[in-house]
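Chemist: Let the hints inform the model, and build the full structure from the sequences given.
Respectively, the protein sequence lines represent chains V and S. So the first sequence is numbered by our numbering: it starts at -4 and just counts up by one. So the second sequence is numbered by our numbering: it starts at 71 and just counts up by one.
Treat the hints as calculated values from the structure; they're not laboratory data. As the structure is a computational prediction, the values presented were derived from the model and not from experiment. Mixed in with the good hints there might be a few duds.
Unchecked claim - Stretches of chain S that chain V covers, calculated by requiring three or more beta carbons in the stretch to come under 8 angstroms of a beta carbon on chain V:
hint	segment
1	148 to 162
2	170 to 178
What the hints assert, rightly or not - With the Cβ distance kept under 10 angstroms, some of the chain V side facing chain S (calculated, not the full set):
hint	residue
3	Q1
4	P3
5	Y31
6	N86
7	L90
8	I91
Quick reminder that beta carbons are idealized off the backbone N, C-alpha and C, glycines included.
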Amino acid sequence: RKEVEQDPGPFNVPEGATVAFNCTYSNSASQSFFWYRQDCRKEPKLLMSVYSSGNEDGRFTAQLNRASQYISLLIRDSKLSDSATYLCVLNTDKLIFGTGTRLQVFP
Amino acid sequence: DAMVIQNPRYQVTQFGKPVTLSCSQTLNHNVMYWYQQKSSQAPKLLFHYYDKDFNNEADTPDNFQSRRPNTSFCFLDIRSPGLGDAAMYLCATSREGGRTSHFGDGTRLSIL
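Modeler: Pasting the structure below:
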């Protein structure tokens, strides 16, 4: 089983839609969790950390469910500029990346 | 200001011709990583340094080596590049115990 699994998508959504991604992980000892965003041919950039209590940053909400070993990212009121690949990342003693979920927002 | 700098941004080399990619950082982070990312795939960790301690991933080909002469610089050497080594190579740094990493812009390597 892969350490981190994501639906590769693509998720094609209209502007203004709400979209959610999930990511499952197998290592119950994983300490820290993050969502990174990666634009085509660019480096990954940290989008937000994920806390057990859930956290929100503007239109983005991240949740962690340790019992079921998954994290989620919710994007509300999607913008064209949200089109990118969203990588689920675990931090054990190194960063472990999921394969990413591609989001395409259309007008 | 860029804190993790990779040079060059684009590198073209010939099949079998050694190539070196460089990474420098101004963050004074003690941990540095090299990732390989192929098209539509997640970044794959090749190796990382905790200070001068080198940690090689089990599935990193012998063709790939690294040097870290000081805290600020780290090099990725590919001894005999094959067509399958064409990829984006990402350097990242973090502070030991830190929660996140800072990435450079990457070097896109093409093999002729």
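Chemist: Does each hint fit the structure? Answer for all of them.
Modeler: Taking the hints in turn, this is what the structure says about them:
no., hint, result
1, 148 to 162, "holds (count 3)"
2, 170 to 178, "holds (count 7)"
3, Q1, "holds, 9 angstroms"
4, P3, "holds, 8 angstroms"
5, Y31, "holds, 9 angstroms"
6, N86, "holds, 6 angstroms"
7, L90, "holds, 6 angstroms"
8, I91, "holds, 8 angstroms"
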